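Asks: Chains A and B, in that order, give the protein sequences. Sequential numbering of the first sequence, starting at 1, is according to UniProt numbering. Sequential numbering of the second sequence, starting at 1, is according to UniProt numbering.
Worth flagging that the hints you see were computed from the coordinates, not collected in a lab. Please note that the accuracy of each hint is not assured.
Restraint ranges, calculated between C-beta atoms of paired labels, are given here [as the list claims (entries may be wrong)]: (1) A:22 - B:466: 40 to 48 Å; (2) B:26 - A:61: 34 to 42 Å; (3) A:146 - B:21: 38 to 46 Å; (4) B:280 - A:123: 39 to 47 Å.
Derived DSSO-like pairs (lysine-lysine); straight-line CA-CA distance at most 27 Å [as the list claims (entries may be wrong)]: (5) B:247 - A:69; (6) A:3 - B:459; (7) A:11 - B:459; (8) A:147 - A:3.
Note that this is a predicted model, so its numbers are computed, not measured. Yeah, the Cβ is synthetic: ideal placement off N, Cα and C, and Gly gets one too.
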Amino acid sequence: MRKPPIHLISKDAIKAWQITAILYEAIAWILTVIGFVLHIVIDFPLWIVLIVLGITLISTYITVFLLPKLRWKRWRYEVFEQEIYIQHGILIVNRTLIPMIRVQHVETKQGPILKKFDLATVSISTAATTHEIPALSNEVASDLRDKISALAKVDEDDV
Amino acid sequence: MSKPERLHPATIVFNIIKGIRDSIFIIIIAIAGLMDVNIWYAVLGITILILLIVLMSYLSWSRFTYYVEEEELRLEYGIFIRKKRFIAKNRIQSIDLTQNILHRIFKLVKVEIETAGTGADAEASLNAVTLLKGEALRAQLKSQSINKEESVEEETISDPTQTITSKGILIAGATSGSVGVLIAIAAGAISELERFIPEDFFNNAYQWVIGLGLLIIIFMIIGGLILLWLIGIIGTVIRYWNFTITKIGEDIVITRGLLEKKHLTIPLRRIQSIGYVESIIRQPLGYSTVIAEVAGGSNESGEEFSTVIFPIMKTDEVSSFIRKFFPDYQMEEIDYKLPKRALKYYITRMLLPSLIAFIAVIIIVPYFTWIPILLIVLSILLGIMQYRDTGFTLEDSKVTIRYRFLSRVTMVIEHKRIQAFNKKQHFLHRREFLATIKLSIIGKMGLGKHFHIKEMEEKEANKLADWYSYRGED
């Protein structure tokens, strides 16, 4: 576990995450606009609105422009014959080992945003945990799913 | 037992009692609501309700049948929607027999059958069958053949077994968790009372009378606490009465209980981890509880998440106990301890909530500031204790880990039981070469159970990762 895993996830992940973040930030922006309207209509204290605006600006910068890139840079995975090795996390770096013989099932999934970029998430479940490798290109994700599924079948251990 | 059989008719009675218990709330509301209008409406309503419960109880009993066919236990039930449930014999993980007081009057038993499946309830539950039939069913559903069963009977003498002593059960009751809470309440209450006693209390005759009243209150509180403590002891005695653990072949069989008799079977292969817990009260006295993490199955109401393997035992006897019953889970001394630089994280983690409480109390009720101050001191102590106790020992095929939240827990986990390994570092950890690791095993109700060792040397975390990794060192 000294070296990080070698494979990066798809670079389009950044865009997909940015869009997701923008959708969430839209809520904050709507609240800010409502604040301004309230200020004009019923004299709602301006300083509260300005604080909300500040928070919205900062959080938009962080979640839309800063985090997706950092997240992408950190996200790595590697699939060995015997186990799966995943790394993720910006401030807190997580590295996880999942032995093939512990894998119960593996699936790919795709939300509307991922679909737009032709991306898919691979989700790997053991009897105790679930792990995800997000935003791989459709092709890579399916290959990975089939590969893990084939490797996981080799040894069956009863609970 | 190939022809469908019904449960014992006493099931109807059990169902009626359960039905009434479940709808007692509605009954109370009906009485309260209709009392003013006309008492007869209430009587009429309740009569109808009870008649309905009786009818449903009868129907659900008469529509419930079970039989064993083609290596399967088959249940057919349901009043309006007929349901059939087939459970394959070799998928059955355990068969538990329980008797509560009502069961014992009728010489009946409740049979609960569990598979590895997810869910809080047992897969199949036969509420009441005669003891004879229950035991026959268990024998029939056990995967072992009949002559194996007989040989097991003979072996019983040489099978390892251990029963709780009456001294042990009293100690278990006297040191059960509730005592800690009681001591805390008592300490708080007494120091609180002191504050209410005026300074010239002993000089003033008038206040002497109040003082007498106070004394009576103090005595009543102390008496009440002792009463609660005794109730705790009695509860433990009822629960763990005649607690016996026996190892029969590949199964651990536990029987216990005074009013409600329980007979639990735990297949060894379902056990994911074994260890012992030393609660804050029991640790200085040198006692601990032996527990196991068992995969799958339902969670008993009121039961801790871990399965109690033996309620109380001298800590220095745990090792030989485990050798006798679980030779694969030999305990080792903890040889890796945390580095000094980890201590600050442990203290900070414990301190933060009490600091927040401290600030809140200062602002809201400055009079009670002493409570959070006490809390701060205790949390620093707890942090130091957690830091000192955390550690692990690595061997070929298993790891022994120790940690504390309040109680000190020492668990042995086999390599093959660990489902995933996770190493976590935040940016401060990275600078100091510390890491937190997480070992996941299968827990109850299909959930994972995770063991953490926080802020260990990164080098050691990597060693653990190499040990766990299936592709060897990298």
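Asks: All the hints need checking, so say for each whether the structure fits it.
Replies: Hints and how they fare:
1. Taken as a hint, the range 40 to 48 Å holds for the pair residue 22 of chain A and residue 466 of chain B, whose Cβ atoms sit roughly 42 Å apart.
2. Restraint check, residue 26 of chain B to residue 61 of chain A: a C-beta distance of roughly 56 Å breaks the suggested window 34 to 42 Å.
3. Judged by the Cβ atoms, the range 38 to 46 Å given for residue 146 of chain A and residue 21 of chain B is violated: they are separated by roughly 53 Å.
4. The given range of 39 to 47 Å is respected by residue 280 of chain B and residue 123 of chain A, whose C-beta atoms sit roughly 41 Å from each other.
5. In summary, the hint linking residue 247 of chain B to residue 69 of chain A is not supported, as the alpha carbons are separated by about 57 Å, beyond the 27 Å threshold.
6. With a C-alpha separation of about 13 Å, the suggested pairing of residue 3 of chain A with residue 459 of chain B holds against the 27 Å cut-off.
7. Restraint check for residue 11 of chain A and residue 459 of chain B: not satisfied, since their Cα atoms lie roughly 32 Å apart, outside the 27 Å limit.
8. Distance hint between residue 147 of chain A and residue 3 of chain A is fulfilled; the C-alpha atoms sit about 23 Å from each other, no more than 27 Å.
Checked against the numbered hints listed earlier, the structure breaks hints 2, 3, 5 and 7; every other hint is satisfied.
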